[in-house]
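Based on the sequences and whatever the hints tell you, model everything.
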Amino acid sequence: MGKQLIVVCPFMKVSGMALFPFILVKDQRMKHDQALINHERIHLRQQAELLVLPFYVLYLLNYLANLGRYGQHNKAYLHIAFEKEAYNNEQNLSYLNSRKAFSWLRYF
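Numbering-wise, full-length UniProt numbering puts 61 at position 61 of the sequence shown, and it's gapless, one number per residue.
Take these hints with a grain of salt, some might be off.
Stated by the list, open to error - Mimicking DSSO-like on lysine-lysine, the simulated pairs with C-alpha atoms at most 30 Å apart in a straight line are:
1. 75 / 100
2. 100 / 31
3. 84 / 3
4. 100 / 3
5. 84 / 26
6. 13 / 3
7. 13 / 31
8. 31 / 84
9. 13 / 75
10. 75 / 31
11. 84 / 100
12. 3 / 31
13. 13 / 84
14. 26 / 3
15. 13 / 26
16. 75 / 26
Derived by calculation from the structure, the hints in this document are not laboratory data. Here the structure is a predicted model, which is why all the values come from computation and not from measurement.
Now the structure itself:
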């Protein structure tokens, strides 16, 4: 995956979001937040390997299962396998160079 188009969306309530094939950020300065952009690039890779739509279905199902388990939005969100992989590796800017396909499976 090469360079992604980063789009500024000031109406967003979150700092960033990967919406294949784009990375959306809340404001211009976030375009330069390397950890945030790496986090979203990890999500783009996850989306690509699942052919996009199944990613969103699995993401939602994992969130709903976690919500049932933990009863809190933040805890449910942070325990989504895709988020665990992205948060655990967002500081490692070379992670995607060595990442194996479907690495998010290790976080279930």
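These are the hints, each one checked on the structure:
1. Only pairs whose Cα atoms come within 30 Å are accepted, and residue 75 paired with residue 100 is accepted, the gap being roughly 26 Å.
2. Between residue 100 and residue 31 the CA atoms are separated by roughly 26 Å; this keeps the pair inside 30 Å, and the hint holds.
3. For the given pair, residue 84 sits about 23 Å from residue 3 by alpha-carbon distance, which is consistent with the 30 Å threshold.
4. Simply put, residue 100 and residue 3 have alpha-carbon atoms about 20 Å apart, close enough for the 30 Å limit, and the pair holds.
5. This hinted pair checks out: residue 84 and residue 26 have alpha carbons roughly 22 Å apart, not beyond 30 Å.
6. For the given pair, residue 13 sits about 24 Å from residue 3 by alpha-carbon distance, which is consistent with the 30 Å threshold.
7. Between residue 13 and residue 31 the CA atoms are separated by roughly 16 Å; this keeps the pair inside 30 Å, and the hint holds.
8. A threshold of 30 Å between alpha carbons decides the hint, and for residue 31 with residue 84 the separation of about 22 Å falls inside it, so the pair holds.
9. With a C-alpha separation of about 18 Å, the suggested pairing of residue 13 with residue 75 holds against the 30 Å cut-off.
10. Of the pairs offered as hints, the one joining residue 75 and residue 31 holds, with about 26 Å between alpha carbons and a cut-off of 30 Å not exceeded.
11. About 15 Å separates the Cα atoms of residue 84 and residue 100, which keeps this hinted pair within 30 Å; it holds.
12. Distance restraint check for residue 3 and residue 31: the Cα-Cα separation of roughly 13 Å lies within the 30 Å cut-off, and the hinted pair is therefore satisfied.
13. Pair hint residue 13 plus residue 84 holds up; C-alpha atoms about 20 Å apart against a cutoff of 30 Å.
14. Between residue 26 and residue 3 the CA atoms are separated by roughly 19 Å; this keeps the pair inside 30 Å, and the hint holds.
15. Pair hint residue 13 plus residue 26 holds up; C-alpha atoms about 7 Å apart against a cutoff of 30 Å.
16. Annotation: proposed proximity of residue 75 to residue 26 holds, straight-line Cα distance about 22 Å (limit 30 Å).
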